[in-house]
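If you want the building blocks of each chain, they are given just below.
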Amino acid sequence: MFMKKETLNHSCEHCPSKEDGIFCHLNFAEIEDISQHKITNKYKKGQTLFVQGTHPFGLYCISSGNIKLTQTGVDGKESILRIVHAGDILGHRSLFTDEDYGKTATAMEDTEVCFIDKKYILSLIEKNPSVALNIINKLSKDMGKAENKLSSLHQKNVRERLAELLLSLKATHGIKENGRWRIDLKLTREEMATMIGTANETLIRFMTEFKDADIIEQEGKVIYIKNEAELLEWANIHY
Amino acid sequence: MHIDLDPQLLEEILGIFPSKKFKTQSFLYYEGQIPISGYLIIDGSVQISKNKKHKKVLSNGSVIGLSELLSKIPSTISAEVFPNTQLCFIDKSTLQEIKLGDKKLSDKLKEVFEIKHE
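As given, the protein sequences belong to chains A and B, one line each in that order.
Quick note: the first sequence uses our numbering, first residue 1, plus one each step.
Quick note: the second sequence uses our numbering, first residue 1001, plus one each step.
Hints listed in this document are in silico derivations from the structure and should not be mistaken for laboratory results.
For every residue, glycine included, the Cβ atom is placed at its ideal position computed from N, Cα and C.
Check before you lean on any hint, since a few could be wrong.
If you only want the chain B side, here are some residues facing chain A, beta carbon under 8 Å, derived [what the hints assert, rightly or not]:
no.: 1; residue: PHE1017
no.: 2; residue: GLN1033
no.: 3; residue: HIS1054
no.: 4; residue: ASN1060
no.: 5; residue: GLU1080
DSBU-like mimics (lysine-lysine), calculated; alpha carbons at most 30 Å apart, straight line [to be verified]:
no.: 6; chain 1: B; residue 1: LYS1023; chain 2: A; residue 2: LYS119
no.: 7; chain 1: B; residue 1: LYS1053; chain 2: A; residue 2: LYS127
no.: 8; chain 1: B; residue 1: LYS1052; chain 2: A; residue 2: LYS186
no.: 9; chain 1: A; residue 1: LYS119; chain 2: B; residue 2: LYS1103
no.: 10; chain 1: B; residue 1: LYS1056; chain 2: B; residue 2: LYS1104
no.: 11; chain 1: A; residue 1: LYS45; chain 2: A; residue 2: LYS127
no.: 12; chain 1: A; residue 1: LYS44; chain 2: B; residue 2: LYS1110
no.: 13; chain 1: A; residue 1: LYS170; chain 2: A; residue 2: LYS103
no.: 14; chain 1: B; residue 1: LYS1020; chain 2: A; residue 2: LYS103
no.: 15; chain 1: A; residue 1: LYS145; chain 2: A; residue 2: LYS118
no.: 16; chain 1: B; residue 1: LYS1056; chain 2: A; residue 2: LYS221
no.: 17; chain 1: A; residue 1: LYS42; chain 2: B; residue 2: LYS1108
no.: 18; chain 1: A; residue 1: LYS156; chain 2: A; residue 2: LYS44
no.: 19; chain 1: B; residue 1: LYS1056; chain 2: A; residue 2: LYS45
no.: 20; chain 1: B; residue 1: LYS1103; chain 2: A; residue 2: LYS42
no.: 21; chain 1: A; residue 1: LYS44; chain 2: B; residue 2: LYS1103
no.: 22; chain 1: A; residue 1: LYS44; chain 2: B; residue 2: LYS1050
no.: 23; chain 1: A; residue 1: LYS119; chain 2: B; residue 2: LYS1108
no.: 24; chain 1: B; residue 1: LYS1050; chain 2: A; residue 2: LYS42
no.: 25; chain 1: A; residue 1: LYS226; chain 2: A; residue 2: LYS103
no.: 26; chain 1: B; residue 1: LYS1103; chain 2: A; residue 2: LYS45
no.: 27; chain 1: B; residue 1: LYS1053; chain 2: A; residue 2: LYS42
no.: 28; chain 1: B; residue 1: LYS1056; chain 2: A; residue 2: LYS156
no.: 29; chain 1: A; residue 1: LYS77; chain 2: A; residue 2: LYS127
no.: 30; chain 1: B; residue 1: LYS1050; chain 2: B; residue 2: LYS1099
no.: 31; chain 1: A; residue 1: LYS176; chain 2: B; residue 2: LYS1023
no.: 32; chain 1: B; residue 1: LYS1023; chain 2: A; residue 2: LYS77
no.: 33; chain 1: A; residue 1: LYS45; chain 2: B; residue 2: LYS1052
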């Protein structure tokens, strides 16, 4: 039953996402204790961390890669609700409720994820209430984003929502290259369409419009933002 | 491994570790990963596969993933739970808590689950 090979057990101290994490303020001994306790695994593209309707048992910390959170409706259609990346945590809401997962988490590429069980996290919170504050902070930000998304779906048209999505992808996955922003995330048109609540055909039409206006360009599946200022105008938001 | 789930032992285990029924089919862990929990099948079945080929289906009383979890060694198999299967989750924190607080119970669990690594 065992596989004799090197196990992944990177120390949290050296995690690329340490500075953004909920444990970043803990001292070395506490971080080391988490390192000893956690389980680190690699997920290949398409593998699921958890499935909608199953019960949560702890917290996932994303070390590298991107994970999509999807929800399947009664019609069987899958919508992307959120994309989480290195430094993000998953399952923090479940620490304080006994609800089943409402979403499915799937690796969008090869990712590295650490898991810490619920009991350990709760005992850590008892010893270090500041961890709870960091989780509350994270929950508050999540709630703010969810509210923004909801208002965007209600109040904005598809063009504005697409512009907003591109700006949000730029903020999380943008890499500046030769005066333009490369979105370092490969999404299919279907996936992008579900993210802004529109049909595939409508998304394609607006993508063409954005390209014709020289706001974005596409090389294969890679999207580049050429004119961020114009995109902000089109999104009808002002940072 | 497989344990004989007599009602008294089952009641005792369920009093210590949480159990849940899976509504949907899902992977508990994939080949090459360290399971995030040990799993005892209370009622239902779990499919074991290797290199994407189905090997066998485990049923009530089977324990999977626990040795790998405690020794932090990646599993050589994938485990996928079928819908409506009830599993008991043998987590590391509870085992450690028992180890520190109740030696008698800890020894009993070690014997039941054939725990060698910690």
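Do the numbers back the hint for PHE1017 of chain B, that is, is its least Cβ distance to chain A under 8 Å? Constraint on PHE1017 of chain B not satisfied, violated at 11 Å.
Just to be careful, I want the Cα atoms of LYS44 of chain A and LYS1050 of chain B compared with a cutoff of 30 Å; is the pair within it?
Since the Cα atoms of LYS44 of chain A and LYS1050 of chain B sit roughly 15 Å apart, the hinted pair holds (cutoff 30 Å).
Next item on the list: Below or equal to 30 Å on CA atoms is what counts here, so check LYS1056 of chain B against LYS221 of chain A.
Entry: 40 Å, violated
Pair hint outcome, LYS1056 of chain B versus LYS45 of chain A [Cα-Cα no greater than 30 Å]
Status holds; Cα separation ~25 Å.
Quiz prompt | 30 Å limit on alpha-carbon distance, applied to hinted pair LYS1053 of chain B and LYS127 of chain A | solution = Roughly 45 Å separates the two Cα atoms, so the pair is violated.
field: Proposed proximity, LYS1052 of chain B with LYS45 of chain A (alpha carbon, max 30 Å)
entry: 15 Å, holds
**Request:** Compare the distance between the alpha carbons of LYS145 of chain A and LYS118 of chain A with 30 Å, and conclude whether the hinted pair is satisfied.
**Result:** 25 Å, holds
| Given pair status - LYS44 of chain A, LYS156 of chain A, alpha carbons within 30 Å | Violated, at about 36 Å.
Q) Going straight from one Cα to the other, do LYS42 of chain A and LYS1108 of chain B come out at no more than 30 Å? A) 34 Å, violated
Practice item. Mind checking the alpha carbons of LYS1056 of chain B and LYS1104 of chain B for me, to see if they're no more than 30 Å apart? Key: Judged against 30 Å, a Cα distance of about 35 Å means the pair is violated.
Does LYS127 of chain A lie within 30 Å of LYS77 of chain A when you go C-alpha to C-alpha?
43 Å, violated
Handout entry: 30 Å Cα cutoff - pair LYS1053 of chain B, LYS42 of chain A
Key = 20 Å, holds
Checked against the numbered hints listed earlier, the structure breaks hints 1, 3, 4, 5, 7, 10, 11, 12, 16, 17, 18, 20, 21, 25, 26, 28, 29, 30 and 31; every other hint is satisfied.
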